[in-house]
Amino acid sequence: MAYYAKHICNNNMAYDKFNILTSTAVPLPIENVDTDQIIPARFLKATERKGFGDNLFRDWRYNSDDSPKEDFVLNNPTYSGKILVGGKNFGSGSSREHAAWAVYDYGFRCVVSSFFADIFKNNCLNIGVLPVQVSAPFLEKIFAAIEADPKTELEINLPEQTITLSTTGESESFDINDYKKQNMLNGFDDIDYLLNIQENIREFAKDTPL
Amino acid sequence: MKKTLFDKVWDSHVVHKIENGPDVLFIDRHMVHEVTSPVAFLGIKNRDIPVMYPERTFATADHNTPTINQHLPVKDPLSANQLKALEENSKAYGISYWGLGHEKNGIVHVVGPEYGITQPGATIVCGDSHTSTHGAFGAIAFGIGTSEVEMVLATQCIMQQKAKSMRINVNGKLNKGVTPKDVALYIISQLTTSGATGYFVEYAGDVFTNMSMEGRMTVCNLSIEMGARGGMIAPDEKTFEYITGREFTPVGADWDKAMEYWKTLKTDEGAEFDKEVTFDASAIEPMITYGTNPGMGIGICNGIPSAEAVEGGVSTYKKSLQYMDFNEGDNMIGKPIDFVFLGSCTNGRIEDFRAFASIIKGRKKADNVTAWLVPGSHKVEAAIKEEGILDVLHEAGFELREPGCSACLAMNDDKVPAGKYAVSTSNRNFEGRQGPGSRTLLASPLVAAAAAVTGKVTDPRELMQELV
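As given, the protein sequences belong to chains A and B, one line each in that order.
Under numbering that gives the first Met the number 0, think of the first position of the first sequence as 0, with each following residue one higher.
Under numbering that gives the first Met the number 0, think of the first position of the second sequence as 0, with each following residue one higher.
Just chain A, with the same shape it has in the complex:
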């Protein structure tokens, strides 16, 4: 773990450390939520990472005249919290990291689903949003619990790799590789690691023609 000691922390995008998060959750029981829904392409024109949360789920959240759609969950004051719970295959489609930025910028630190699309999952891990994959039955239990009581809290325990429903105490463990786990716990990112092995990379590149 020597590289962590040499951590260079001058990144203005570095994220907060993640340890144990206990929060109510916002349910979005729709499958195949693609990143075009999370943030439509027309909102990708910024050259800085600012304000993407305002356009999170833009076209599900607002009418064409910018008035809020009352039936969309983010416009329903009953539901709030730092955890977003989505249906199966969450984050499919475009690689736009803006989708993960929008989730983070809105205030979510964790997305729970029974299945994630690869690129979205990686992007989340790279910016400090924890993707928690649970079994399909447990996901159903979470949706049911929130529906029965919107004040239901979920505890996401990263050190123990567990997710627990506060109402019933039911719990499941989730996977994350040790490297990414350490990054999330410490707020580190991959560039810090890579910069520390620059010499290995240069050595490798010598034998790799353009």
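It should be emphasised that the hints constitute simulated quantities derived from the structure, not laboratory data.
Don't take every hint at face value.
What the hints assert, rightly or not - 20 angstroms max Cα-Cα, derived EDC-like pairs, lysine to aspartate or glutamate:
| id | chain 1 | residue 1 | chain 2 | residue 2 |
| --- | --- | --- | --- | --- |
| 1 | A | K87 | B | E307 |
| 2 | A | K44 | B | E87 |
| 3 | B | K256 | A | D53 |
| 4 | A | K44 | B | D412 |
Put chain B on the given structure of chain A with help from the hints.
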């Protein structure tokens, strides 16, 4: 140990392995465009670090660019600002930049292969999920997020866990009117939009062996639409012939050395895949999608399946049909359409324009259809003119636009209005993908052409004639 093609390319690019963590993967070639790169450049600027190997990064402008009057200043200030940022960043860091108006400008996944940036056995990334296109040459190519773009700029590496391997075999003879796009849409419809998530796919079988390089690019392009990290096809004589003599292709002794490596790029006999599926080519019909993800596709003569007949949640499925204003059991043939889009990194190559022209030749564009025909690059545009396709288009009442991503994701002005239907040769039919409220039917250039001249969903086999 017997290795797959994917193993060979991946393993030879691992700089460092982290136990119970990702591999540090060396990236041979990196392509950037204006939308997913500015924050990455800002990141290295704020850290005050240089681009490690600027000669390995190639920049082109495509997502935001207008497809008419490209010689004039870009009207949308936000788009103009993003294009300017890419130009300035490229200049500041010594990266080659093929901006708007440059003769080599075009869609990143069209120009890469055209200029020989794309090569067998290479690792290629770009902040765009359709980077999988380049896998057609036997490269490991995949889309990355902006944090990873920053990593590549800073260190020429990314950190990822190796994906599982899947082989998709399609054997047999393709039916009349069935194009590479149909093969891909068929596979996605069978595997679903998440059926290959977690896997890197190798396409094998005589359908792909017999396919042109353009066709292979279309198939690999769509790998991401079934969730795959990427897709690749082992390089063969066709591949080597395609890359010969292109600007960034090695020559002389370098070519000979490269060929030695490239010829090893095939899956060893007996190598094991984590998953293997096989399809029969004769089962594939010209395809069209009816829903809001690319897995919701059917043979064009079929009816829309009932909610009970499809895998997944009934409510999500019904929501999707409601968005499209279609009903279970509806026939797709005869459904009126409003727009046709020929283009994108999926179907914006010369072969796609040839196919489109073969149907519309001697016919007229339907009055109710607005058609956007957008070449993938200036090189494609030039070929369209040289081959006389432009004349065919004009005679039939079509106009050719200038290169770019255009209505595939509608970041520029090429937006399909709310509630309107577009038959599109692009890659995604997500809600609002082609403009807020737009409804997309994904299909091949042949199906798009048939719709363009009839104004409705039409089986292209009824209109097929000799290629121009």
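How the hints compare with the structure:
1. A:K87 <-> B:E307: holds (18 angstroms)
2. A:K44 <-> B:E87: holds (16 angstroms)
3. B:K256 <-> A:D53: At roughly 53 angstroms apart (the allowed maximum being 20 angstroms), A:D53 and B:K256 break the hint.
4. A:K44 <-> B:D412: Distance ~13 angstroms between A:K44 and B:D412 Cα, so the pair holds.
The earlier numbered hint that this structure contradicts is number 3, and it is the only one.
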